[in-house]
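Visitor: Each chain, written out:
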Amino acid sequence: MSISLKINGRIQLVDADADTPLLWVIRDTLKLVGTKFGCGMAQCGACTVHLDGAAIRSCMIPVAAVAGKDITTIEGLSEREENSLQRAWIEEDVVQCGYCQSGQIMSAAALLAENPNPSDEAIDNAMSGNICRCGTYPRIRKAIRRAAAYAEDASL
Amino acid sequence: MSAARGVSRRNFLRNTASGGGLLLLGFCFNTKAMARNRRAGEPHSFTPNAYIKILSDNSIELMIGCSDMGQNVVTGLAMIVAEELDADLDRISVKVGPVDPEYFNPYARSMLTGGSTSTYANYDRLRNAGATARIMLIAAAARHWDIEPSRIRTEKSIIIDAVSGNKLRYGDLSKLASSIPLPDTVKLKPESRFRLVGKEVGRIDSEEKITGRARYGIDVQLPGLCYACVLHPPVFGASIVSIDDAVAARMPGVRKVKQIDSGVAVIADSFWRAKKARDALKVVWDEGAWAGTSSATLDQQYRELLKDSAALVKSNGDSKQAFMQASQVLDETYELPFLAHACMEPLNCTVHDHGDCADIFVGTQSQSGDQKYAAEVLGYAPDKVNIHTQVLGGGFGRRASKTADFVTEAALIARGEPWPIKMVWTREDDMTSGFYRPKYTHRVRVALNKKGEIDAWEHRVVGQRVSIGGFVDSGKSAAFDSAQVEGLVPFPYDVAGLRVEARPLVSPVPTLWWRSVGHSHTTFAMESMVDEAAYAANADPVNYRRKLYRKNPRMLKLLNTVAEMSDWGEELPEGQGLGVAVHDAYSFKAVCAHVAKVRVENGRFRVEKVWCAIDCGFAVNPNGVRAQMEGCVIFGLNGLTGQITFDKGRVVETNFHNYQVCRMSDAPQIEVVIINSGAEMGGIGEPGLPPIVPAVTNAIYAATGKRIRTLPARL
Chain V
1 MSISLKINGR IQLVDADADT PLLWVIRDTL KLVGTKFGCG MAQCGACTVH LDGAAIRSCM
61 IPVAAVAGKD ITTIEGLSER EENSLQRAWI EEDVVQCGYC QSGQIMSAAA LLAENPNPSD
121 EAIDNAMSGN ICRCGTYPRI RKAIRRAAAY AEDASL
Chain L
1 MSAARGVSRR NFLRNTASGG GLLLLGFCFN TKAMARNRRA GEPHSFTPNA YIKILSDNSI
61 ELMIGCSDMG QNVVTGLAMI VAEELDADLD RISVKVGPVD PEYFNPYARS MLTGGSTSTY
121 ANYDRLRNAG ATARIMLIAA AARHWDIEPS RIRTEKSIII DAVSGNKLRY GDLSKLASSI
181 PLPDTVKLKP ESRFRLVGKE VGRIDSEEKI TGRARYGIDV QLPGLCYACV LHPPVFGASI
241 VSIDDAVAAR MPGVRKVKQI DSGVAVIADS FWRAKKARDA LKVVWDEGAW AGTSSATLDQ
301 QYRELLKDSA ALVKSNGDSK QAFMQASQVL DETYELPFLA HACMEPLNCT VHDHGDCADI
361 FVGTQSQSGD QKYAAEVLGY APDKVNIHTQ VLGGGFGRRA SKTADFVTEA ALIARGEPWP
421 IKMVWTREDD MTSGFYRPKY THRVRVALNK KGEIDAWEHR VVGQRVSIGG FVDSGKSAAF
481 DSAQVEGLVP FPYDVAGLRV EARPLVSPVP TLWWRSVGHS HTTFAMESMV DEAAYAANAD
541 PVNYRRKLYR KNPRMLKLLN TVAEMSDWGE ELPEGQGLGV AVHDAYSFKA VCAHVAKVRV
601 ENGRFRVEKV WCAIDCGFAV NPNGVRAQME GCVIFGLNGL TGQITFDKGR VVETNFHNYQ
661 VCRMSDAPQI EVVIINSGAE MGGIGEPGLP PIVPAVTNAI YAATGKRIRT LPARL
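Line order of the protein sequences matches chains V and L.
For the first sequence, this note's numbering gives the first residue as 1, with consecutive numbering after it.
For the second sequence, this note's numbering gives the first residue as 1, with consecutive numbering after it.
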């Protein structure tokens, strides 16, 4: 069936089976492969995108359920000029294999949008749905705190 | 900090693919020619050796033989070249070369990334490669300016006439330098003049990985690409009785249902359709003998096998006598489960069979093996099978498959088919289709004398084989498997009587190296028993280890460093404890010690902090070494909580809801001190892992008095 999706600010008509998870439409139909497949059951966070600003796992949500909603992927986030998160990620040298990092950044961006100055506990709570096997968690924590500090500086 | 883009091979592939794809439809890539020669539209380049290509736009391509699965060899190796070449690190991009002896890992005599070898295996040859290129550029500039080479200095990819101040970019000399003969010998920089190597440097590939632009194996796009999903047997060793694909074959988008050696594959026009049709297959299996196995019976079987004597691996002194005269004997059994690698990128492989050659796009640690086995399956000579290494979403040993299992599976699916086919495993496929760190059971007996010192140590290990005889040897003839006793032999502690025995057993469960291989299990038994002996002797665990390492200054320094970092000996509040573990990961030429601080509350433990001391001889990139220690600790904590178990032969743990890995909320703070001891350079991808689990279980003992001898740890 033909479904109208608003992805990264652009409305696109895609042809997909209604039950196809949003993840596979984003990856295989729209070729936006920065969003990753990790578990298929909302356990690892690799597929995290924003749906109307909130972080969601795209691997379980059928594409038909998100028609007309505002979806942002890592590619859309990266197009924004000011991105203190990605700057902080580089400065803390977070990345190892990098496969989970799109999802980590999408979760972190949603966290900071809701809570600009999160405590360590709030970071742990918001980020515990995103698995990293390389073990970049300590640096992700630091990068989120650093990005929060940038945002605070910018708003002064 | 990020690498220059330039015309990378990956971009080239993608552009070609989207622009009509003639190259792909009819012909194979000639990867060697692509690696070495100038491509259409590419700037002129200077290619003094197999590793370095300096383009006229002043960017540099570094071609290496090892895969980056996160361990950051891309940055370390680029630093080594940039150091001798005096190159601008920001303009270096790194790629993995084709299967070619030039790129072989000398320790594996093949293209294989493993054993934490990448940095030290490439250090000398890449320094030479960089220095050679630099000398030739200087000679070219001297000819161009008609001056003495001695007047010329180099800096960040710029060549400078020290007298006139004239400057040229390296890229400006790409044509002229190509006509300069290779020098017979080159002089390397003294280490005192290093400006990059040994310094803190950030990853050169971060930017593409945090913007979604990096292309992993699972992201491969080709014209006409189809997708495959495979139904594997529900039980290892099961065989197919009958296949009913009446429903599956008629589902939308399905191109073909195909029986292959490892199961039944569905090829469709999208991954989701392939998966849905795969799930609709009805297959009757002869489940075989393993269907009767559960983990409880396995645990029992391993314990029974421990009672019999096994193959003698090593014996020193008279341990029998020591046991007869002992004032205390400790006799304990330590059990470790099967573990999955669970790389974040599920296994996948894309194969295009052209009829007389094939292209394989895969994130792999083992290009030579993949090429060899895929060529056998496809019926081509190995050099007709091109391995295009993609970015790896984790490896940990799983992408160095001894039998190239997932690559040959994809090759069998694509064999004779008109489309390029991307085979993707679901997480459940990845978790339940095998190649695990083997389950091991150890029995350790120690004889303590009146002073509480260990006079003799007897150690027996039961477990499945990973390899026989060493690194990549899969022979079946030896009486035991090196991975069973890696860490034990040579024996690290100063003990007079020693006896090590090993008993390999056979089962249909596929096993494989898992980050740090044998050390991942032997260290738990060894460092737990040393701790038990220390408490039995009423000694402080750090002091007790100092005696065991009295003849080993390197280990003593390590132990003292980690003790100092952690304020070892300070009183802690109720419910908290410190545990120490030290290990000589000699396979990787590095030694590592951890102290873990644990807090126990309401019957649960949390690892709050880990102090880590690492001595790998010399740290090329201290920032990268620290990242690997953090990674080893957190990946290693999987050994504390994770397990793969069986019920009626089926793998019980199927996904991240029941295979416990470390999450953000479990992650300790980690503090790392690097000791540049000047010992022979070692590797860092693995040595940080072995001591973490015993450091934590020893800390749990300190906090609670409960000794954990069976993993996963339960209070």
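Just so you know, the hints here were simulated from the structure itself, not pulled from any lab data.
Be aware that a few hints might be false.
Stated by the list, open to error - The calculated DSSO-like cross-link candidates involving lysine-lysine, where the alpha carbons are at most 27 Å apart (straight line), are:
#1 LYS648(L) / LYS307(L)
#2 LYS95(L) / LYS31(V)
#3 LYS31(V) / LYS256(L)
#4 LYS451(L) / LYS31(V)
#5 LYS175(L) / LYS156(L)
#6 LYS187(L) / LYS199(L)
#7 LYS451(L) / LYS609(L)
#8 LYS69(V) / LYS6(V)
#9 LYS648(L) / LYS282(L)
#10 LYS314(L) / LYS142(V)
#11 LYS199(L) / LYS95(L)
#12 LYS320(L) / LYS451(L)
#13 LYS557(L) / LYS451(L)
#14 LYS142(V) / LYS609(L)
#15 LYS314(L) / LYS551(L)
Said to hold, decoys possible - Simulated restraints on C-beta separations:
#16 ALA149(V) / ASP261(L): 54 to 62 Å
#17 PRO116(V) / ASN166(L): 27 to 35 Å
#18 GLY53(V) / LYS95(L): 33 to 41 Å
#19 ASP279(L) / LYS6(V): 55 to 63 Å
#20 GLN12(V) / GLN259(L): 32 to 40 Å
#21 ALA113(V) / ARG707(L): 41 to 49 Å
#22 ASN602(L) / ASN125(V): 14 to 22 Å
#23 ILE160(L) / ALA149(V): 38 to 46 Å
Unchecked claim - Chain V residues, not near chain L, derived (Cβ > 12 Å throughout):
#24 GLN101
#25 GLY103
#26 TYR150
Positions of the beta carbon are idealized from the N, C-alpha and C atoms, including for glycine.
Visitor: Now tell me if each hint is right for this structure.
Guide: Okay, the hints, checked on the actual structure:
1. LYS648(L) / LYS307(L): Holds - the C-alpha atoms of LYS307(L) and LYS648(L) are around 26 Å apart, at most 27 Å.
2. LYS95(L) / LYS31(V): Given pair LYS95(L), LYS31(V) holds - Cα atoms ~23 Å apart, limit 27 Å.
3. LYS31(V) / LYS256(L): Holds: LYS31(V) and LYS256(L) sit about 24 Å apart, inside 27 Å.
4. LYS451(L) / LYS31(V): violated (69 Å)
5. LYS175(L) / LYS156(L): Given that 27 Å is the threshold and the Cα spacing comes to 19 Å, the pair holds.
6. LYS187(L) / LYS199(L): Holds, because 22 Å separates the two Cα atoms, which is no more than 27 Å.
7. LYS451(L) / LYS609(L): Given that 27 Å is the threshold and the Cα spacing comes to 33 Å, the pair is violated.
8. LYS69(V) / LYS6(V): holds (6 Å)
9. LYS648(L) / LYS282(L): holds (20 Å)
10. LYS314(L) / LYS142(V): The given pair, whose Cα atoms are some 47 Å apart, is violated under the 27 Å limit.
11. LYS199(L) / LYS95(L): With Cα atoms ~23 Å apart, LYS199(L) and LYS95(L) stay inside 27 Å; holds.
12. LYS320(L) / LYS451(L): holds (19 Å)
13. LYS557(L) / LYS451(L): holds (24 Å)
14. LYS142(V) / LYS609(L): holds (15 Å)
15. LYS314(L) / LYS551(L): holds (20 Å)
16. ALA149(V) / ASP261(L): 54 to 62 Å: holds (55 Å)
17. PRO116(V) / ASN166(L): 27 to 35 Å: Distance hint for PRO116(V), ASN166(L) is violated at roughly 53 Å.
18. GLY53(V) / LYS95(L): 33 to 41 Å: For LYS95(L) against GLY53(V), whose Cβ atoms are near 38 Å apart, the range 33 to 41 Å holds.
19. ASP279(L) / LYS6(V): 55 to 63 Å: violated (30 Å)
20. GLN12(V) / GLN259(L): 32 to 40 Å: For GLN259(L) against GLN12(V), whose Cβ atoms are near 38 Å apart, the range 32 to 40 Å holds.
21. ALA113(V) / ARG707(L): 41 to 49 Å: This hint holds: roughly 47 Å between Cβ atoms.
22. ASN602(L) / ASN125(V): 14 to 22 Å: holds (19 Å)
23. ILE160(L) / ALA149(V): 38 to 46 Å: Given a distance of about 40 Å, which is inside 38 to 46 Å, the answer is holds.
24. GLN101: violated (5 Å)
25. GLY103: violated (9 Å)
26. TYR150: Holds, since 15 Å exceeds 12 Å.
Comparing the model with each earlier hint shows violations of hints 4, 7, 10, 17, 19, 24 and 25; every other hint is respected.
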